[in-house]
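Colleague: Each chain is listed here by its residues.
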Amino acid sequence: MSGSHVTVPTGAALRVKALETLLEEKGLVDSAALDTIVDTFETKVGPRNGARVVAKAWTDPEFRKRLLENATAAVKELGFGGPEGGHLVAVENTPKVHNLVVCTLCSCYPWPVLGLPPVWYKSFAYRSRAVRDPRGVLKEFGVEVPSSVEVRVWDSSAEQRYIVIPQRPKGTERMSEEQLAELVTRDSMIGVGVVKTS
Amino acid sequence: MNGIHDMGGMDGFGPIPIEKDEPVFHATWEGRMYAIAMSLVRNADEFRHAIERIPAPVYLDSSYYERWLNGAMTLLVERNNLSRDELASRGAGPVAPIQPAGDFAGDSPKVRRRRARFRIGDRVVARNLNVTGHTRLPRYVRGKRGVIESDWGTYVFADSNAHHGGDRAQHVYSVSFAARELWGKDAPRSDTLRIDLWEDYLEPDLKSAKPAMKKPRAGARAARGRKR
Chain P
381 MSGSHVTVPT
391 GAALRVKALE
401 TLLEEKGLVD
411 SAALDTIVDT
421 FETKVGPRNG
431 ARVVAKAWTD
441 PEFRKRLLEN
451 ATAAVKELGF
461 GGPEGGHLVA
471 VENTPKVHNL
481 VVCTLCSCYP
491 WPVLGLPPVW
501 YKSFAYRSRA
511 VRDPRGVLKE
521 FGVEVPSSVE
531 VRVWDSSAEQ
541 RYIVIPQRPK
551 GTERMSEEQL
561 AELVTRDSMI
571 GVGVVKTS
Chain D
132 MNGIHDMGGM
142 DGFGPIPIEK
152 DEPVFHATWE
162 GRMYAIAMSL
172 VRNADEFRHA
182 IERIPAPVYL
192 DSSYYERWLN
202 GAMTLLVERN
212 NLSRDELASR
222 GAGPVAPIQP
232 AGDFAGDSPK
242 VRRRRARFRI
252 GDRVVARNLN
262 VTGHTRLPRY
272 VRGKRGVIES
282 DWGTYVFADS
292 NAHHGGDRAQ
302 HVYSVSFAAR
312 ELWGKDAPRS
322 DTLRIDLWED
332 YLEPDLKSAK
342 PAMKKPRAGA
352 RAARGRKR
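Residue numbers (my numbering), protein chains in the order written: chain P, 381 to 578; chain D, 132 to 359.
Treat the hints loosely; a few may be bogus.
Said to hold, decoys possible - Taking lysine-lysine and the BS3-like style, the derived pairs with C-alpha atoms no more than 30 Å apart in a straight line are:
1) D:Lys241 / P:Lys476
2) P:Lys519 / D:Lys151
3) P:Lys519 / D:Lys338
4) P:Lys576 / P:Lys550
5) P:Lys576 / D:Lys151
6) P:Lys550 / P:Lys445
7) P:Lys476 / D:Lys275
8) D:Lys241 / D:Lys151
9) P:Lys445 / P:Lys476
10) D:Lys151 / P:Lys436
11) P:Lys424 / D:Lys151
12) D:Lys275 / D:Lys316
13) P:Lys397 / P:Lys576
14) P:Lys397 / D:Lys151
15) P:Lys550 / P:Lys456
16) P:Lys550 / D:Lys316
17) D:Lys275 / P:Lys519
Said to hold, decoys possible - Here's a subset of chain P near chain D, in silico, CB distances under 10 Å, partners left out:
18) Gly391
19) Ala398
20) Leu399
21) Thr416
22) Asp419
23) Thr439
24) Phe443
25) Glu464
26) Leu496
27) Phe504
28) Glu524
29) Ser528
30) Ser537
31) Thr552
32) Ser556
33) Gln559
Claimed, not checked - Pair ranges (Cβ atoms, derived):
34) D:Pro335 / P:Ser411: 49 to 55 Å
35) P:Thr423 / D:Ala236: 40 to 46 Å
36) D:Pro228 / P:Gly551: 39 to 45 Å
37) P:Gln547 / D:Pro228: 34 to 40 Å
38) P:Gln547 / D:Arg320: 21 to 27 Å
39) D:Gly222 / P:Glu558: 45 to 51 Å
40) D:Pro146 / P:Gly466: 29 to 35 Å
In short, the hints are calculated from the structure, not lab data.
Glycine residues also receive a C-beta, built at the ideal position from the N, C-alpha and C atoms.
Please work from the sequences and hints to get the whole structure.
Modeller: Structure follows, in structure tokens:
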């Protein structure tokens, strides 16, 4: 489906440019402010933030507790917050539960900790199938969840935005928080990927 | 509205387009479009609804940020910030013909409802509502039986806010449904789904409710949303 692909119709670039020019002429937007927004999401906000949250949760039991009780307040301790982050919820993978996050109606996503969503998260394929066949979706990402484990899908339909706390891999007991953060992938915090093991 | 955007459970969209190491924006115009929307949009519910009102064939044939472009232009024209002619003459058009936004037509009282109608552990049914305006009650849960897992507190009602119909703030709950309840007996018995539903979307499940077995307020420790 073209809606899922990243092929860029040549017209879109021209149309957006024309729109921006018109809006600026009318004083409705400020191009310098737009530059700042783009730069923020290209360089400052991204899944590295979430990885720091996860690594801290793995190493600091008190932080983990606060994170599971009120993720919005807990991530603020690390300086993270902003649009789409006012009602964060952290859900933890366990040996019995594997969490997977989707937004079937649009593209709701926890921006302050994960940045903007990847194309696949916004794709019609993921939005349609993640709720109906999460195990099939997980297989497409190379993740096999044993049948003894509950797959719990979270459809972000209201104001809550979800981040998955993946399980800490075995053999990482001696690693520092910084080293652990390097293992945490974006996909593992959406629930479709696994944490790197080294 | 029962629009094309309500995709949960559909087939026919092919494999998931997984791209390794993808950039935040795939072209400069995507970033500009994102930033324009961030600067202009004050009511996310209204903006979502503008995107939902894109005609289904256009919606399916547009990329993600093209839909944002379409939705933003729709709202700018509807608010008389810009005219269709202006947009067309400068090369920003055309604005796809869109369904009018209409008014909020729900049965929700206008006052904020602080008192929660449901408690953790209550069995509920998602109402079979088919509103023509904005809603966050997807088709795939309507008429299905679930259980209240958390009470997030009171939130502005998206269905009303999208149409400037007042806050009508009310409790939002995390409701769990068994995969089999949603998708039939072939779904794995172990699997579940949780979705956040406004109180107006729910009614008590009188058929399977067992008041004597009602759990205590165990969910009191669940994280609370910002109160409004």
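Colleague: Would you mind marking each hint as holding or not holding in the structure?
Modeller: Evaluation of the provided hints:
Note on D:Lys241 and P:Lys476: the hinted pairing is violated, with a Cα-Cα distance of about 42 Å set against a maximum of 30 Å. For the hint linking P:Lys519 to D:Lys151, the alpha-carbon distance of about 16 Å falls within 30 Å, and the restraint holds. Under the criterion of a C-alpha separation no larger than 30 Å, the hint pairing P:Lys519 with D:Lys338 is inconsistent with the structure, at around 37 Å. Distance restraint check for P:Lys576 and P:Lys550: the Cα-Cα separation of roughly 11 Å lies within the 30 Å cut-off, and the hinted pair is therefore satisfied.
With a C-alpha separation of about 15 Å, the suggested pairing of P:Lys576 with D:Lys151 holds against the 30 Å cut-off. Between the alpha carbons of P:Lys550 and P:Lys445 the distance comes to roughly 21 Å, so the proposed pair stays at or under 30 Å and holds. For the given pair, P:Lys476 sits about 25 Å from D:Lys275 by alpha-carbon distance, which is consistent with the 30 Å threshold. A distance of roughly 48 Å separates the Cα atoms of D:Lys241 and D:Lys151; the hinted pair therefore is violated under the 30 Å criterion.
Proposed proximity of P:Lys445 and P:Lys476 is supported: the alpha carbons are some 19 Å apart, at most 30 Å. Pair hint D:Lys151 plus P:Lys436 holds up; C-alpha atoms about 26 Å apart against a cutoff of 30 Å. Annotation: proposed proximity of P:Lys424 to D:Lys151 holds, straight-line Cα distance about 20 Å (limit 30 Å). Distance hint between D:Lys275 and D:Lys316 is fulfilled; the C-alpha atoms sit about 14 Å from each other, no more than 30 Å.
A hinted pair counts as satisfied when its Cα atoms are at most 30 Å apart, and P:Lys397 with P:Lys576 does not qualify at roughly 41 Å. With a CA separation close to 28 Å, the supplied pair P:Lys397 and D:Lys151 stays within the 30 Å bound. Our distance criterion of 30 Å between C-alpha atoms is met by P:Lys550 and P:Lys456, whose separation comes to about 28 Å. Restraint check: the Cα-Cα separation between P:Lys550 and D:Lys316 comes to about 36 Å, which exceeds 30 Å; the hinted pair is violated.
For the hint linking D:Lys275 to P:Lys519, the alpha-carbon distance of about 27 Å falls within 30 Å, and the restraint holds. For P:Gly391, the shortest C-beta to C-beta distance to chain D is roughly 9 Å, which falls under 10 Å, so the interface hint holds. This hint holds: P:Ala398 has a C-beta 4 Å from the nearest C-beta of chain D, less than the 10 Å allowed. Here the hint on P:Leu399 is kept, as its CB sits about 4 Å from the closest CB of chain D, short of 10 Å.
A hinted interface residue such as P:Thr416 counts as satisfied when its beta carbon comes closer than 10 Å to some beta carbon of chain D; here the least separation is about 8 Å, so the hint holds. A least Cβ separation of about 9 Å between P:Asp419 and chain D falls short of the 10 Å threshold, and the interface hint therefore holds. The interface hint given for P:Thr439 is broken, as the beta carbon of that residue sits about 21 Å from the closest beta carbon of chain D, more than 10 Å. At its closest, the beta carbon of P:Phe443 sits 14 Å from a beta carbon of chain D; the interface hint therefore is violated under the 10 Å criterion.
Annotation: interface hint on P:Glu464 holds; nearest CB of chain D at approximately 9 Å, less than 10 Å. Nearest Cβ of chain D to the Cβ of P:Leu496: about 6 Å, under the 10 Å cut. The hint holds. With a cut of 10 Å, the hint placing P:Phe504 at the interface with chain D holds, because the nearest CB-to-CB distance is about 4 Å. Here the hint on P:Glu524 is broken, as its CB sits about 13 Å from the closest CB of chain D, past 10 Å.
Contact between P:Ser528 and chain D, as hinted, is supported at the beta carbon level, the nearest pair being about 7 Å apart and thus within 10 Å. The beta carbon of P:Ser537 is positioned within 10 Å of a beta carbon in chain D (closest approach about 5 Å), and the interface hint is therefore held. At its closest, the beta carbon of P:Thr552 sits 24 Å from a beta carbon of chain D; the interface hint therefore is violated under the 10 Å criterion. The restraint placing P:Ser556 at the interface with chain D is violated, with a minimum CB-CB distance near 25 Å, outside the 10 Å limit.
A distance limit of 10 Å between C-beta atoms decides the matter here; for P:Gln559 the minimum to chain D is near 21 Å, and the interface restraint is violated. Our hint of 49 to 55 Å for D:Pro335 and P:Ser411 holds, since their Cβ atoms are close to 53 Å apart. For the pair P:Thr423 and D:Ala236, the beta carbons lie near 44 Å from each other, so the given range of 40 to 46 Å is met. In this structure, D:Pro228 and P:Gly551 break the distance hint of 39 to 45 Å, their C-beta atoms being roughly 59 Å apart.
At roughly 50 Å, the beta carbons of P:Gln547 and D:Pro228 sit outside the given window of 34 to 40 Å. In this structure the supplied range 21 to 27 Å holds for P:Gln547 paired with D:Arg320, their Cβ-Cβ distance being about 23 Å. Restraint check, D:Gly222 to P:Glu558: a C-beta distance of roughly 49 Å satisfies the suggested window 45 to 51 Å. Range check, D:Pro146 to P:Gly466: about 34 Å between beta-carbon atoms, so the 29 to 35 Å window is met.
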